[in-house]
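In the order they appear, the protein sequences are chains A and B. Per my numbering, residue 8 is the first one in the first sequence, and the count goes up by one each step. Per my numbering, residue 6 is the first one in the second sequence, and the count goes up by one each step.
The hints are simulated quantities; they were obtained by calculation from the structure and are not laboratory data. Among these hints, one or two may not hold up.
One side only, chain B facing chain A, incomplete, derived with CB under 10 Å [to be verified]:
1) D67
2) L94
3) L101
4) L107
Every residue gets a Cβ at the ideal spot worked out from N, C-alpha and C, and that includes glycine.
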Amino acid sequence: MKTLFKIAAAVSLSASLLAGTAMAQESQRQPVTSISQLLDRVRADARDAAAENQRRLQEFRANRDRQAALVAQARGQLNTLEAAGRANQERFEANQERIRELDAELRQAQGAFGELFGAARQKSGEFASIIEASIASAQAPGRHQPLRELSQSRTLPDRAELDRIWQAMISEMELQGDVVTFNARVSGVNDGQPVPVTRVGVFNAFITQGGTRYVLWRTEETNPAAGYRLVQLERQPPGRLLDAASNLARASEGEIVSGPIDPSRGQLLNIYKDVPNTVERFNQGGIVAQIILGLLIFSAAFGLFRLFALFTTNSAINGQKRRSTASKGNPLGRIMLAYEEVKDRPIETIELKLDEAILRETPKLEFGLNFLKLAAAVAPLLGLLGTVTGMIRTFTQITLFGTGDPRIMAGGISEALVTTVMGLIAAIPLLFIHSFAASFARGAQQTLEEQAAGIIARHAEERAG
Amino acid sequence: MDFQGAFSGLQEFLERGGPILTWIMALTFVMWAFILERLAYFGLAHKGVAGRAIREWGARSDHSSWHAHAIRDQLISEVRLKADQNVELIKTLVALAPLFGLLGTVTGMVAVFDVMAISGSSDARGMSAGVARATIPTMAGMVSALSGLIFSSQIERMAKRRVHELADELEVG
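Looking at chain A on its own, in the form it has when it is part of the complex (with noise of 0.2 Å):
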């Protein structure tokens, strides 16, 4: 009531103030020339003010007594509207209490079914997820839909919902054993248009059209809520695994071929995205590896020439040795021609000659041999080098991060063990090649050393007659 007042007091002090000011104004108008006259204005305005004032008071006072009214008539609402409220409260604690009793009621009527709708619920809330997991689901979207409806609903399955759940689990079971081919869309295939896709029952799924590929049934990690779909394995498996999986969607109905079946649903398969190709395999090992390629490349390019010359040789001497007229396209007939020019003179003479024609001969026979040797021989040295270097690597890493992860030494292990799988890899073709141009060098070698004298012999016996 206090601070009221001080309003109304504040409110009647600044009307006071707009009310000097309009006299002001007035004053302005009228001007005043004595002091008598003053008194007289000052002496009315002050009335004026004190009529005014006493005004203003009543009408403030008549205001207050209206707003008291409101209060008292608000607080007379309140009151009933409380009591109300109270009403409604007990009521509703009889409510529950009803409810409570009902439930007991319900629980007892229920008896040992109680149980049974719980684990009904909660199996069907399990089967849901298998279900909508299964990539049977593929095939008939939106199959775990009725079972999650009941896991959810409040109100108790009857009989008809009850059987829904062991006939889907059934109707699983059946998917399991089944080999099928139905359309479906796989996400980046075909313009998300539906592509023929088999299932090998709820185990693993491959599309057919343009190439053997196999296809998952999965969230999106990221936006599990966008639901299940089919999208390609990121990097297939090796062959054979796609070979098996179009033998099988080529087999005609009823026979039997060897398929593939990932007993994980997908995981096992899933795995080899992580698992590195050829490329990624030889670039773990660095360097070295491309050096020991380099190697490779070049001595087993230059080894097949080497064997191909060598072998023509040795058709050519072979060829020399059953005809008597020399020719000069083969270091066998060469020998006999140098026999030729000097077959007249004395022995020691032809012997030497002979030697000297020879002596010409092998190195061309063995060029080349010493250094496919050599390479075959610095091939696994390499990749022994390469073990080291990953070696290294990897105990620089142990010191400088500890043991803790074995990723972190991965990737020096792998460059170790690379590298002597390409030296190896490289060592044995190459070996392969020396021995086999060594045996065809040493083959024509023995021929021209030990027999180009008997078969020049020979042939002068024949003419001699």
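Following the hints, put chain B in place on chain A, whose structure we already have.
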């Protein structure tokens, strides 16, 4: 053991040993084919080849001239070429067998480390497949090399001795 059981056992062994084991098996087959070929040659054909050389030498009246010596050398050399055939190849194959075994060891170790890198753990059961791939080819390579080594040195000695015997038979003078 019946054939079916033996075959499935072999198949399981090859499966556990990985692709390199198949290579070692092929290598061993080829090596033994060559060894048996050599044994068959010395057992059956060598006598005929040597006998032909001896008859040709015996048919000659002249055993002392330069021509005769050259022809004798040629006869011996031809027999030696026949006797030495494939011996070097067998020795190469024997040397290759442990190399293949080593290759198997390393590829097996790569498989072990792949499992470690993918699973991020050192689960012994997961790695056992890789370890089998590492050890079985090593063993197979060793066995193959040892089995071939004995015969390859025997065959080499046999070839040398037979050629020597022939040289003794072809008398000069």
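Hint by hint, here is what the structure shows:
1. Residue-level restraint check for D67/B holds (minimum Cβ-Cβ distance to chain A is 9 Å; threshold 10 Å).
2. At a threshold of 10 Å, the smallest CB-CB gap from L94/B to chain A is about 6 Å, leaving the interface hint in force.
3. Because the closest C-beta pair between L101/B and chain A is about 6 Å apart, less than 10 Å, the hint holds.
4. For L107/B, the interface hint holds, since its Cβ comes within 10 Å of a Cβ in chain A; the closest pair sits about 6 Å apart.
Going through the hint list in order, the structure satisfies each hint without exception.
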